[in-house]
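Protein chains in written order, with our numbering: chain A, 1 to 254; chain B, 1 to 321.
No wet-lab data here; the hints were simulated from the structure. It cannot be assumed that every hint is accurate.
[As the list claims (entries may be wrong)] Heads up, incomplete: computed chain A residues facing chain B, CB under 8 Å, no partners named:
#1 Arg-8
#2 Tyr-11
#3 Arg-12
#4 Arg-15
#5 Val-16
#6 Asp-19
All values derive from a computational prediction rather than experimental measurement. Don't be surprised by glycine CBs; every beta carbon is placed ideally from N, CA and C.
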Amino acid sequence: MALPNLLRLIYRNVRVNTDPGSLIILVGLPAMYLIFFGFGFQSLAGGLGSGTYIDFLTPGIMSFQAVMAGTVGGSMLWADRRYGMLAQLLVGPFTRLQYLLGIMFTSVLFALGGAAVMMAMAFVLVQVSAVSAVGILVMFATITLGAIFFGSLMLLIAALVKSNNAYNSVQILVIFVVNFASTVFYPLSSSLPAALRYLFLINPLTYIADAVRGAYTGTLTATDGIQVAILAVETAVVLFLATRAYLRSDVSLE
Amino acid sequence: MSDSQTVIEAEQIKHAYTPGRYALNGLSFSVQRGEVFGLLGRNGAGKSTLIKVMTTLLRPSEGSLRILGLNPAREGRRIRSRIGVVQQSESFDFTSVEGNFDIYGVLWGLPAEERIRRRNDLIARFGLEDLRRRRSFDLSGGQKRRVQVAREFMHDMEILFLDEPTVGLDVIMRRTLLDSIRAEVRRGLTVVFTTHNLEEADYLCDRIAVVDQGRLLALETLENLKRLYGGRKTIDLTVSGPHDAAFYETLRARLGGESTVTVSGRSAVIMAADPKATLAVILALAQERGVGLDWLNVRQNTLEDVFLKSVGHEGESIGST
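One chain only, chain B, in its complex shape (with noise of 0.2 Å):
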């Protein structure tokens, strides 16, 4: 059900590229007004798509879609007069970091004096000063990504869709950014975030929508999603011996269904609702075939966990809102 805090609405949205391969396949969920709304998925999940859906560049194939309330297909120029959205690609116009900064103020209709103001406050807030004068196309890949997502910030929105904006930050570059993020959520702003870096999800996002092949394999508060796993511990296993695959299909079996085991190569991650029962059969096992084991260590679940957990058994939900 609609309510004004619903910012975006979506309900069993798919889109196909070529007809019969779904980029998007049946997605639904809801986004309310001043959340961080996190989407996490591999290279090709269907992120990028599902930002071009949102933003009205792309039309969804089936399903409902309403953003502030508004239908995309036929309202889509009032939805985009009241977003910001930080593409993958780069884009730039050939001029000067302060001339891209000027043009995009231009565009979006402030008057002179406040496109100055906010020209200045920006290139000062995102560190940009000795690279005012500068052309865009001369800047480093880090740089040209600062001065994009700075640049939208430009002009006034409801909703920021931010499409893995931190690739080719430095660390304290990414820092500021999602710290400069945070602090126009506290003024209300809703953002929508794409990435796969687990650790600036973790740290921005209000809930985290896992995507994989186009589906939601998740949708979870950050603490939800930890907390469906909150009693199990991650062990990190690595083996050594010719006979790794059918090591860890036995083990697969004499696990069962209570632990997960994502095996890759040598290596294998386990989640296990029992370490000390799941470490007796890894031993016992090992000790049976005669395998080696070079790498065993037990830790705390992390959010890298929960997202191979999810996108690592295709199909498999743990969790919707």
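So that you can see chain A by itself, here it is in the shape it has in the complex (with noise of 0.2 Å):
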């Protein structure tokens, strides 16, 4: 039986994506982050209560895959468009808006795989007690939603930026920045500057992270649940806007 357009959109997007040197990058980033950054910092780390710093960082990299999966979102639009396929899918039997779902679903397929592998990496290294169910179904709703947020942030530059430079320039930034200035490293503590403090809290991988940490935790508090709700609506406008951007963009003429 021939498979939804979406569908077959998403399983194009899967297996144009995952050769080993995405797979590399998508998954084994992390997992670096989670090894060294995890066993390197875990004597420096204190204060972090009765956990240890690999406890503290795994739902941080969990989140992270979020940010991760949305740049995969973003360099698929663009590699589209610069390999000419965007425009050969627009000639087929898709609509544009197809073809962006197909995208942003493809990201959170990536986000949570992402995220499900560094939590069986975690468990492996340092053998954490069990998450709850409940705990495991508010991590990947979060990380869901973080993933259609980045998806649609670079889905954004990717129908705003023209040239492929600018477009790999402006993802090494976001990523960077997105990902030192939030709690997936270390928490928001006051001895930061309150010029970083404020970045922090105007991020979304803050909540993200912070929402993933209190479910894998077991910890979850009515300040997670309020950031989250934020960040829905922020969703909401990012993907808003993207959508619109890519729809007006005349993406299939180039």
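Relying on the hints, combine the two individually framed chains into one complex.
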């Protein structure tokens, strides 16, 4: 039986983007963060409660998968534009919206897959205690939202930026700032300069990391719920902007 | 008037990428089912823009267009599910040649068994056996083109749009490709085909539209196009001497409106209604001006002459259907 259009596009995206090189970047890079930072900073990190630094870092790195998957989404659009497949798909039996949703769902799939790998690695490395079913549900729902947010953000950039170099530069900058100005690697501390603290607070990855950490350790609070709600609103806004920019741009003509 | 045999119907189609500058400027034509319709024109003539409009990638700024009886503005997806398009620019996924066929089959909803059958058949038919495991981006330009065209036959279609499909192909592969298209046409496929290669237009097309600066300069069957100049012959002429331009100006004036003179540097192509009289005028003028004749040749008209005649005289229509 023939698959519906959207599933066909997702199949194609997954197949094209799961070559060894892409997988190393997608999963290998966060895994290396987990191993090198996790064990490397173990001795330095104190004041994290009863857990070890790797316990703290694991949910952060799981959250980071949302950013990585988002960048894959943006790169998919960029590569399809550059190598002619976008125009080819758009003269096929697909709508522009289906194409966009195909990228978005693929990003979510990659984010959840990557997060699951990180979690499995953490279980192997430090034998963490089991996470509750509700906790897993919250973690994966938050990461899904995060993947849509960062996928939309990167699609927005890919739709607006006109050169490959510019796109790559912006992508590297976004990954760096979003990653290190968040609670992925360290908690939000009063010792941070005020400007940096504000950057932490407006960074959606902070909300994702806090909620995922809360679910991972079974310490979810009302603040986490509010942060996820804010993230949902931000995601809706960025998704709207990305869709509008993509549909308005004559990406197929390049 | 539209009927079931008319698969494309365009009325005064215009398209402007920037306001006021028309890439397509009032094109009207129709294409019949099972026809090979050639779009002939120079680079930048508007051929690719017209293909983009007909394949729903672009909306015409003005005019009306129906593809397979459907309105592209409202029923684009239905149209696209019934057409095939090979675009001028390359388009590949980052995988092997075989993988590209497979993925394309999945995208077009082919069941696995049928997908494999078609893939193997096309790979054999287009001589791609040696390349099937190679990555698409490692192929040469001609090989890529072959893969791209072959891949399009993975799915069924009623109209196939080919935007300069033979660019980069060697002579043998070009002929193989054109013959494959002919075979599909015999099974009822309609083909819209852009090219600036006159030989292949001559070989493949039932009707030819000559497009220049977004306008239709000629639209006729190949036979009619040639018949328009049937009584005429072409004279190729190259002169030597310091006053080439003045020589050709005078020659044009003496020949009058019956013959056309297309000048390029020291050479000219002259379409002559009365070749003997034209030769007499040329020889007399050369003697009078002391101009040497480096080359003088009289021959039958070719499609190339018709094309040069069409685009060489902006705005002059030599037939319409």
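Original post:
Can A:Val-16 be said to touch chain B, with a Cβ gap under 8 Å?
Top reply: Since chain B brings a Cβ to about 5 Å from A:Val-16, closer than 8 Å, the hint holds.
Original post:
Taking the closest Cβ pair, is A:Arg-15 under 8 Å from chain B?
Top reply: holds, 6 Å
**OP:** Verify the interface restraint on A:Arg-12: the C-beta must sit less than 8 Å from at least one C-beta of chain B.
**Re:** This interface hint holds because 5 Å falls under the 8 Å limit.
Original post:
Once the shortest beta carbon distance from A:Tyr-11 to chain B is found, is it less than 8 Å?
Top reply: holds, 6 Å
Subject >> Interface hint compliance - A:Arg-8 to chain B, C-beta minimum distance less than 8 Å >> reply: Interface hint status for A:Arg-8: holds (5 Å vs cutoff 8 Å).
Original post:
Is the interface hint for A:Asp-19 satisfied, with its Cβ closer than 8 Å to some Cβ of chain B?
Top reply: holds, 7 Å
Of the hints listed earlier, there is not a single one the structure fails to meet.
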